[in-house]
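Trainee: Turn these sequences into a full structure, and let the hints guide you.
Next come the chains, spelled out residue by residue.
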Amino acid sequence: MQQVTGKISITTHGRKLYDITAEVAAQIKRSGFQTGLMSLYIQHTSASLLINENYDHDVLVDMEAFFNRLVPDGDPLFIHTVEGPDDMPAHVRSALTQTHLSIPVLDGKAALGQWQGVFLYEHRHVPSQRQVLVHILGE
Amino acid sequence: MQQVTGKISITTHGRKLYDITAEVAAQIKRSGFQTGLMSLYIQHTSASLLINENYDHDVLVDMEAFFNRLVPDGDPLFIHTVEGPDDMPAHVRSALTQTHLSIPVLDGKAALGQWQGVFLYEHRHVPSQRQVLVHILGE
Amino acid sequence: MQQVTGKISITTHGRKLYDITAEVAAQIKRSGFQTGLMSLYIQHTSASLLINENYDHDVLVDMEAFFNRLVPDGDPLFIHTVEGPDDMPAHVRSALTQTHLSIPVLDGKAALGQWQGVFLYEHRHVPSQRQVLVHILGE
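Residue numbers (this note's numbering), protein chains in the order written: chain A, 9 to 147; chain B, 9 to 147; chain C, 9 to 147.
Please note that a few of the clues may not be correct.
Chain copies aren't distinguished; within one or between two, either way the pair holds.
To be verified - Restricting the straight-line Cα-Cα distance to at most 30 Å, the calculated cross-link-like pairs of lysine-lysine (DSS-like) are:
#, residue 1, residue 2
1, Lys117, Lys15
2, Lys15, Lys37
3, Lys24, Lys37
4, Lys117, Lys37
Don't read these hints as lab results, they were simulated from the structure. Being a predicted model, the structure only gives us computed values, none of them experimental.
Mentor: Here it is as structure tokens:
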């Protein structure tokens, strides 16, 4: 058994879910592993990771609508507003979703379910450069 | 160090938390590993995984009551309703809980805390067949 | 590739986020690994783990304010109140955050982002002794 590491860099342009399933697949292919475990880790606290349905785009719209209602920008509850009204909401949204994900590798591929995709969830409105670290263990 | 893979298949009959702690224990026993790390991955976006108290059944009742209030079925906020009023709420509930879990293996067993159990959280009302992939690393 | 295991014990004195980044760093240093994957697992269902910003203390204050509003103590929705008004809210807060985290190890260190820290989130008001299991895979 061996391990390989990598990185996925994503330029975001505003708050939304970015499908990174293809980038994830490319990292596994590059490893050459047939069986193993892939771990993704995002090095930010205002963007996060999420496994979600990637078939109907409406799911992405509704997901954002839900989080927007649950953690509204400019909520007077928050005192940490140094970077704007979406600053603290971005940290809360990250806490409610995932900073890391592990996905089994089977037959040389990420063993996602039929309707699953891997998403980077950008919670800030300003464009950002986001880094997702990749660790793959396998053989 | 070696790895083994497996699968836990669960037939669900409506929305609730299903205790899969025994199935998890059986997978570790089958591996023969004394020390390692077990990862579980659910291949769905309308059912999820959760570590929760498995001593008092009221905890399961209350957990469902909370999620039912936070993400109500038939919420007019949602446009993705193709599979019914519990379709999009199931995706949101999955996003708020876990698609995967990793649990240390010590002394040949899942190193769960005294009151912890492993649960599959079915968020749909219709009966479903759910697949949880198992990856165990250890020796 | 090898694995090492360890444990971080934290004495908590009331509900708040406890920064355990230094304890995490010490565990990696002790392993001697330069490259790998560290997994943390908390053996409780009323305390959890969270990656969060550790630069501005106001973020911790606001995070707690958000969870306090979302899952209020003494909510009449709950029937599981055997250990008090913060009992069931602690379980829900744990479900909404993390029971485990995996963080890549690079250059002999946890590959945290610039503003990231690792926190134990105590959800009970009474002092508690909390156990976080450590599994590090690497070389």
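Trainee: Which of the listed hints are broken here?
Mentor: Per hint list: zero violations.
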